[in-house]
Every structure is written in structure tokens, then in C-alpha cells.
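Participant: From just these sequences and the hints, can you work out the full model?
The listed protein sequences correspond, in order, to chains A and B. The numbers in the working numbering rise by one with no breaks, and the one at position 53 of the first sequence is 53. The numbers in the working numbering rise by one with no breaks, and the one at position 807 of the second sequence is 1807.
It should be emphasised that the hints constitute simulated quantities derived from the structure, not laboratory data. Predicted model, so just to flag it, every value in this text is computed and none were measured. A portion of the hints provided could be inaccurate.
What the hints assert, rightly or not - Have a look at the derived ranges for each label pair, beta carbon to beta carbon: (1) B:Leu1421 x A:Asn76: 54 to 60 Å; (2) A:Arg75 x B:Lys1446: 51 to 57 Å; (3) B:Lys1446 x A:His114: 30 to 36 Å; (4) A:Thr51 x B:Lys1422: 42 to 48 Å; (5) A:Glu50 x B:Asp1483: 20 to 26 Å; (6) A:Arg36 x B:Arg1337: 50 to 56 Å.
As the list claims (entries may be wrong) - Quick partial rundown of chain B residues pointing at chain A, CB under 10 Å, derived from the structure: (7) Phe1222; (8) Glu1359; (9) Arg1361; (10) Thr1362; (11) Ala1366; (12) Gly1369; (13) Phe1370; (14) Glu1376; (15) His1400; (16) Leu1402; (17) Asn1406.
Unchecked claim - Here are some, though not all, of the chain B residues that point toward chain A, as calculated from beta-carbon distances under 10 Å: (18) Pro1363; (19) Leu1364; (20) Asn1365; (21) Glu1372; (22) Pro1381; (23) Ala1385; (24) Thr1386; (25) Tyr1390; (26) His1393; (27) Ile1394; (28) Ser1397.
Beta carbons are placed, not taken as given, at the ideal position from N, Cα and C, and that holds for glycine.
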Amino acid sequence: MTAERSEAALLVAVEDEPRNAALLEAILGRSGYRLRIAPDLAGARELLAETTPDLVLLDRHLPDGDGLDLIPEIRNSDRLGAVPILLVSASVLPRDVQAAMDAGCDGFLPKPVHVKPLVEAVRRLLDRNAAVDA
Amino acid sequence: MTFDTLLSISLDLVFFAVFAVTLVDWLRNRGPVRRAVVIVFGTIALVLIAPILRLVAPPLAAFSSVITIPAIISLPLVILWLVSYIRRVPRSVLLVVAAVDVVLTASVFVLAAQGVQTRSSTYLAFAFGLLAYFLIVAGAAAIGFALAARERAGASRSRLLTAALATGLVDLCIVVLLAGGLTSAPGSSGAAVASVLGRVLALLAAVGYLVAFAPPRGLRRFSQQATLYAFIRDLTAIPSGSPVEQIWELLTRTVGRASGAQRVEVLEHTRTVPPPERGTRHVAIPFESQRWPDGRLEMDLPVNALFLEDDLDLTRLLVDRALRAAEREAFLVERERLIGDLQAASAAKSDFLAAMSHELRTPLNAIIGFSELLAEDTEAPPDHATVTSYAEHIHGSGLHLLELVNDVLDLARVEAGRLDLKPVPFELDALVRLTIASVQPLADHKHQTVELDLAPVVIDADPSRVRQIVLNLVSNAIKFTADGGEIRVGVSLNGMDGVQLAVADNGRGIPPADHQRIFEAFQQGDGETATSHHEGTGLGLALTRQLVDAHGGSVGVRSEVGVGSEFTVQLPLHRPVQPDAALPPAVATGQPTVLVIEDDPAAGELLRVHLDGAGYAVLLATTGRQGIAWAAHAHPNAVLLDILLPDIDGWEVLQRLKADPLTRSIPVMVVSVVDDRQLGLALGAVDYFVKPISREPLLEALGRLTFTTKVRTRTVTVLVIDGDAEAATRYGQLLEPDGFRVIHAPNGAAGRQRAVTDHPDLILLDSTLPDMDGFELAAALRHEDATSSIPVWMTTPGGLQSEAKTRLNGNVQGVLARGDDALAAMHAWLSRKGSPA
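Facilitator: Here is the structure:
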């Protein structure tokens, strides 16, 4: 059941830099996930209004604001509240990581990301959520 | 001799001792007030001297009254006169009192001559009149002192009060003496008591005047200490970290109170002050402080200030204390500010590093991610199109990374002031057109139109840097403007000597709060939002501003959110003239100076390090023209000359230096990659080094040219080797007055001998000697260990031809043609290197 669900899992990535968005597409697409990209906060809000993804990949420095601002909006929504959030950011100073954790994300991957840890982190968060759901 | 007589005499002696102190004080420090005090004392002394005269020389006693009576009657007048130095006493009052004085004195003698009875009514009336005169005039004088005391403060006040008291005592003393004389018969016990009492009072009065007008050192110090302690207490009460003005305020208040000055002011820096008011004098106490070298305390004191030296002494002590406290305060305040600055700088550095880390990681993310995908060992290898796309992403990110690194380096270079601008005249409009053409594809991709409005302008600037400026502004405009937007680029003349470059777009605009910030590193506006979504590095505008600044221009922005932005760059038409290019920078005096003419900064720096370490002051000129100008101006002890120079080559520099009488005598050593020793020596160089050079031979050669350090410590010996005996005499006449020692050798063999035995500091060698050729001897001296380090100047009948110069082969340091002004030039050269004086 878990495996089937993982293969069909829908991910939303908020990433403004086209090459990095392409990289996420390449890595996660190859692992069989469906991926939709939002280039900024406004795009992410639009996308999340119409879909309920299984996981959100979030960048921080976006053209229209800080990606962390999106976290409470997701957490406060009944529909999206339980969606795991994986932060993927180039802001890696201790204070940045602390801010990310305090904001309530479920995982943090520093840029530059490596293929394996990214795939594993995504799978782990999806499995955990599936277990909670079940 | 009775007891009371003894007592009287002892009291008199004490009084005379006090008088002597006052007299000595006046002799040491002449002044009108002191003179008046001495006269007051003298008058009292004359009164007291009569009984002593009577005792030691009875025959003289009869005459004593001739002195005593005028003296005693004049006493109030003299005291009033003393008051007039301290407080204004109307002249008429003084004249009236003087007239009364004369009348009374004359009356006494008239009465005595008529033999008026001591008990007669005439006598009594006169005596009471005299008493009244004393009481009124001396009383007025006492009141005058007291009033003067009220107007002053501090030590002056207590001293004037003491004077008032002393005057009162004089008054009392006269009354007692007169009353004693009137009521008691001479020789009675009453008269004796009156006499002793009068003397005690006179003595007390004298001590009072002494304290008031000529206080002994200890007393003076005591009163100063009291003021000083109070001042220090108040200083300590000022909280730490207060502005120094608070200390100045306390100082001026204290000085004003202690000295009675009309105006007291602390001036931290020199500035003109209003002329003193009438009746005041201007006194300035300079600060002895490195922090305020021109600082001083200024006061306007009354012209007839009473205790000027004492007041100034005290003021100096107060100023000294205040300065120490102020320096400490200023230091503390400065330290706080420095700490603040350092913290801000440290925070800025942290922010920069954080931003830098973020910027580097963004392209690295794609590079590492895609390359991992490519390297992955999978069962189904990616198809060719996928590989190409991955490789394209990696390549693009790599380029971005490179751009970032270059921008950081440029910025660091500019901030360290090491940006090498190479200004040339070029057509700005053409450069802008070419630059736009290179980014046109980017604009086309976003369906943007780029409009050009370029006036033909030639400017004097570094074209590669101007291109960078244009590129940054235009690519920003393309980046921040939506698809289909419009970009306008204009070049126009701006006034007489400026040109304006404007890049405008109808993009999303910049909020006013960010108009300044965008020119700082890693800021692209939008508050929190940094740069990951743009291809830009976040350094572009910071770099642009720095480049424009380096050209002596300015950059500005006008923008409205949602409407668009316009960036304008103002550049000067001509390159900013370096004002000091013609004048060399100042160098330390007392060290031999070496002018290095070298355009390669690294090579120049290397020479500077070598020379610095060996105790030479170094002037580093980067062009031939600059080198020639500096050589004429600074008269260095030696010139190190590169041959490959940007403007005129080293050969020409060498020829010009040797052609100019001002610079002809400066020894030139060529240091170049060009290996043409023959040509260098023929043109007049004293030595020739081919790069790369090592430190030791260079310093050794320079050491032969400059011997300043030796000259300072002992007599300089000059050996003249010349067949003509008169030559030595001529040199001696020229050099010996300046402390040089001149020795002579009549031929080459003797010269060589003396060079070894006397080890002179300089050899003047004639080119033609009776027994050998001067050139040969020069070479021999150079190759002998004992003499190789002695500089040799060659004297010749005329100038040397090129081939003769090559024969010198670096063995001599200069050539003097006899009969021209070269002798004087050599004298100047020697003296400049450090005469024994």
C-alpha cells in the first residue's frame, strides 16, 4: 500500500531558480514522483489552493518573500496541516537552520543538495506520514 | 635697659626682618603694587627707627623727629595710594589728602618751633585733628581694600581682606601711639605700654601686608592647593564618558572665580578671538597635549590685575589637571566609538560572508546535483538529450559561479584601492552601442525593446571598466523588466565637462527605502529577498558604484514601484588630474633617498622592500615623465631606472636626466629585463642590473653611492688622486670649510696606496695620471677588496665621449668635467648626502 502510494505521490516544490527547479524535477521525477513547481510564494499559494500534495519542498529566498512564511499558512489549514515540509535552502548558518526548525518544518537539506540524501529524505517523510495516516 | 625697651627693640627687629623680606620680594619681582607695599613698609620703618636712633646715637635723636613726623603723617596717604592700585580712587581725593598731609606736617613743625605746651588747648586740638585725619584716611583705605575684596574671589579675595585688616591695624597702632603720647607723660609706664602695644600692632600689620602682597612660597602653595583640591573633587564628580565640554566648563568656571578674569574660554583649535575689551589684557595658556596641540585657555584679565603671576601659576595647575582628565575622557569616548565601529564592521563582515555562502551554494547546487545524476551508475543510462541538458545546466551554473568570483575579486580590488584604471580617450557612444549589442539577445528573448539615444561623446576613462558599468546597468534593466518591457539607454553631455549615461526601464521599480541599499554588496532590493532568483550576483551595483567613484563620477537612481527605474551615471569628460603627479610625496629626511622608476607594481614593490630594509627612503615613480619630474624636484641620492616604461622609455629618461644640469649628478642604475649594459653605461648609467636581480649586489652598489650614515658619525675623508698639485688645494678650499678632510696623492701608485691605508670615503680620480690611465686605476680599485666599496668620481678635462663612458664600466659613480659647474655640483652632492654638521 505504502509503495503504491509513494509512486503516485504528488510533490510541490517552491523554487525560483530555474536550474535548481530543473534539478529537483530530474531527481524526483526519476524516482517516480509527480512534481509541480511554484516559482514564488504567490505561485505556491495558488498551487496549494487547488491541490493537496503529499509533501512540500520549500526554498527560502524567493522573489516575493521568505519561504518560511508559508509554513504557518500550511500548518493552520485543516486540509494541508499534516503535509510534511522539507526545507531546501542555501542559507545554512546555524541561525538559519534554527529559524527553519522553529518555523516548524519537518526536515532541512542544505544546498548544494546531493541526490541520495534528497531522495531518502523525501521517502522518509512520505513513509512517516503514510504510517501516521494508516 | 628696661624690659619694655628690650621688647620694643626685639619687635622692631622682627618688623625689619619682615620689611627685608618684602624688599627682597620687590627686588626680585618689580611691579607697581610691590613698590607701593615697600613704600608703606618703609614709612612704618621710619616711624619705628626714631627710638632706636635715640638709643644708639642720642645726638641724632633730635633730628629723628624730622624724619619720623613727616613719615608718620604721610602713612595714611601712602596706604591710600596703595589702594589706588587695586581699586579706583579718584585723583582729586588723593590730591586733597596729599595737601592735608603737607599742611599737617608743616603745622607740627610750626607748633614745635613756637614751643606750644603739650597740655595746651592748641596742642590738644591739633592732636585730635591729627587723630581724626588718621581715622578717616586710613579707615577709608581699609574700606577700599574690603570693597576690592568683595569684587574678587578665591585667593585674591582673602588676600585683599588681609590687607584691609592690616590697614585697620595700622590705624589702631597710630591711635594707640598718639593716645599714649597725649595721655601719659614720657617715661611713664603708660607710655611704655602704649609704645609696646603700638609696636605689636605695627608688626601685625606688617605681617598682614606681607601675607597679602608678598606671601611666602609655602603660604602661596597652601592657598593654591585648596583651590586645586576642590577642583579635583569636582572633576572626579563628572561621570565617566561625559563630553569633554563638561570638563572645559568646570575649568573656565574655576579659573574665572579664582582669577577674577572677565572672560575665560577654552579653545580646542586655533581660531581668532575678539580683541580684549578696554582695560583688560589677553592671556593665553597653551595646552600641552598631543590631542589638542593648538588648544589653549584664554582669559581677559584686568590690566591692573593684582596677583597676576600667582593667578597664572594656579591657572596652569588647573589647566594641567583638566587636560589630563579631558584626555582620559576623550580617550574613553573614542574607544567606545572605535569598539562600536569594529562591532559594526564585524557584523557587516559576517553578513557579507553569510550572503557569500548563500550565493556560492546556489550555482553549486545545480553543478553538484546534475553531475551526480550524470555519474550515477544506473541500469538505464540517460539518453543523449538528457545528458546534454544536464551538462548545459552544469556549464551555465559554472559560468554564473565564475562571474560571482570575478565580481568579488573586482570589488575587493576596488575596496583595497588597487584598481588599476588605464584611462584612454574613446567614443562612449560607440562603446555603449557595442555593449548593448552583446546583451541584445537577452532582451530579444524577453521580447523587450531597447531604445538608444546616444550623443557622440569622447571621454577619457578606462574603456573596459566603463563597459562593465554599462553591462551591469543594462543587464539589470533586462532582468528586472517583464517580458515585452521597454529599456532606454541614453548618453548626453552634462554641462561643460561631464557626461551622463542613463539606463531606464519600465520594470517593477525599487521602493524608496532601498534606493541606497541596492548599491551595497549582496542587496538587490525587496528586503529579505536576496538574489537566488536572478542571474545577477548581487554585487553588480556595488561594483558599478565603486567603478564610477574610481573614475571620479557619481551614480544615482530614480525609481517608482510599478512604474520603472532609471539609473544615471555622471562621468567627468576628462580623467581626473592627479594633483600631486608633478610633485613627489614627502619622504623621511635624514635617510638617503632612492628614486625608483618602475611601472610594474610588483617589481616596484619588491625594490621598495629591499631598499626600505636597508634604510633608504624610497620614491616610486611609475612613468618616465613622473620619474624625471621627481628627480629634478627631490634630488634623490640615486635613481633605479627600468627601461620598459609606459610613456617614454628608460633610455630617453636616462638621457634627459643626464642632460639636465639639475639632475646630471644623480647616479642612475638601470634595473631592467633589457640586457644592454653597453648602451646603459654609454648613456651615463653608473651600473646596470638585469632582472631578476638579487638583493645583495643591488644594495652593495647603492652603498657605494650613498654614505650618509657614515658621514653623520665621523669626518668624511676625500682622496684626490691628481698629477696637478693645485687640484688638491682647490678641492681642499672647496670642501674643508664644510668639515671634509681632503688628502692628496700625486700619481696612480701613491693613490692606490693611500686608498688602502687611509680608506677614504670618496676618491676624486683624474682621468689622466702621470704613471697610469685613470680608467685602469678605477677598475683596479673596484677589483681590490680593500677599496672596492669606495665611491670614485672621475675628473676629466672635458666631457666624456660615449666610448669613454663605456670604459668606466660601472667603476665610477660620477664624472666631473673640469672647468664647468660640475665641481659645485659635486660639492652640493656631497653636502646633500650629509655634511658633518
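Participant: All hints are to be evaluated individually against the structure, with a verdict given for each.
Facilitator: Verification of the supplied hints:
Checked against the hint of 54 to 60 Å, the pair Leu1421 of chain B and Asn76 of chain A passes, with Cβ atoms roughly 57 Å apart. Distance hint check: the CB atoms of Arg75 of chain A and Lys1446 of chain B are about 37 Å apart, inconsistent with the given range 51 to 57 Å. Here the CB-CB span from Lys1446 of chain B to His114 of chain A is close to 34 Å, well matched to the stated 30 to 36 Å. Between Thr51 of chain A and Lys1422 of chain B the CB atoms are about 58 Å apart, so this pair departs from the stated range of 42 to 48 Å.
For Glu50 of chain A and Asp1483 of chain B, the hinted distance range of 20 to 26 Å is satisfied, since their beta carbons lie about 25 Å from each other. For the pair Arg36 of chain A and Arg1337 of chain B, the supplied restraint of 50 to 56 Å holds, since their beta-carbon distance comes to about 54 Å. A cut of 10 Å between beta carbons decides the hint on Phe1222 of chain B: the least distance to chain A is about 65 Å, and the hint is violated. Because the closest C-beta pair between Glu1359 of chain B and chain A is about 8 Å apart, less than 10 Å, the hint holds.
With its C-beta approaching chain A no nearer than about 4 Å, Arg1361 of chain B sits inside the 10 Å limit, and its interface hint holds. The closest approach between the C-beta of Thr1362 of chain B and any C-beta of chain A is roughly 5 Å, which is under the 10 Å cut-off, so the hint is satisfied. The interface hint given for Ala1366 of chain B holds, since its Cβ lies 4 Å from the closest Cβ of chain A, which is under the 10 Å cut-off. Interface hint at Gly1369 of chain B: satisfied, since its Cβ lies 4 Å from the closest Cβ of chain A, which is below the 10 Å cut-off.
Because the smallest distance between the Cβ of Phe1370 of chain B and any Cβ of chain A comes to about 6 Å, under 10 Å, the interface hint for this residue holds. The closest approach between the C-beta of Glu1376 of chain B and any C-beta of chain A is roughly 7 Å, which is under the 10 Å cut-off, so the hint is satisfied. The restraint placing His1400 of chain B at the interface with chain A holds, with a minimum CB-CB distance near 9 Å, inside the 10 Å limit. At its closest, the beta carbon of Leu1402 of chain B sits 15 Å from a beta carbon of chain A; the interface hint therefore is violated under the 10 Å criterion.
Here the hint on Asn1406 of chain B is broken, as its CB sits about 19 Å from the closest CB of chain A, past 10 Å. Because the beta carbon of Pro1363 of chain B sits about 8 Å from the nearest beta carbon in chain A, less than 10 Å, this interface hint is met. Taken as an interface hint, Leu1364 of chain B checks out: its beta carbon lies about 4 Å from the nearest beta carbon of chain A, inside 10 Å. Evaluation of the Asn1365 of chain B hint against chain A yields a held restraint, the C-beta minimum of about 4 Å falling below 10 Å.
Residue-level restraint check for Glu1372 of chain B holds (minimum Cβ-Cβ distance to chain A is 5 Å; threshold 10 Å). Hint status for Pro1381 of chain B relative to chain A: violated, with the closest Cβ pair at about 12 Å, above 10 Å. Hint status for Ala1385 of chain B: violated, given a least beta-carbon distance of 12 Å to chain A, over 10 Å. Interface hint at Thr1386 of chain B: satisfied, since its Cβ lies 8 Å from the closest Cβ of chain A, which is below the 10 Å cut-off.
Annotation: Tyr1390 of chain B was flagged as interfacial toward chain A, and the flag holds, the nearest CB pair being 7 Å apart, inside 10 Å. Given the 10 Å rule on beta carbons, the hint for His1393 of chain B holds: about 5 Å separates it from the nearest Cβ of chain A. Of the supplied interface hints, the one on Ile1394 of chain B holds, with its beta-carbon coming within about 9 Å of a beta-carbon of chain A, less than 10 Å. Evaluation of the Ser1397 of chain B hint against chain A yields a held restraint, the C-beta minimum of about 6 Å falling below 10 Å.
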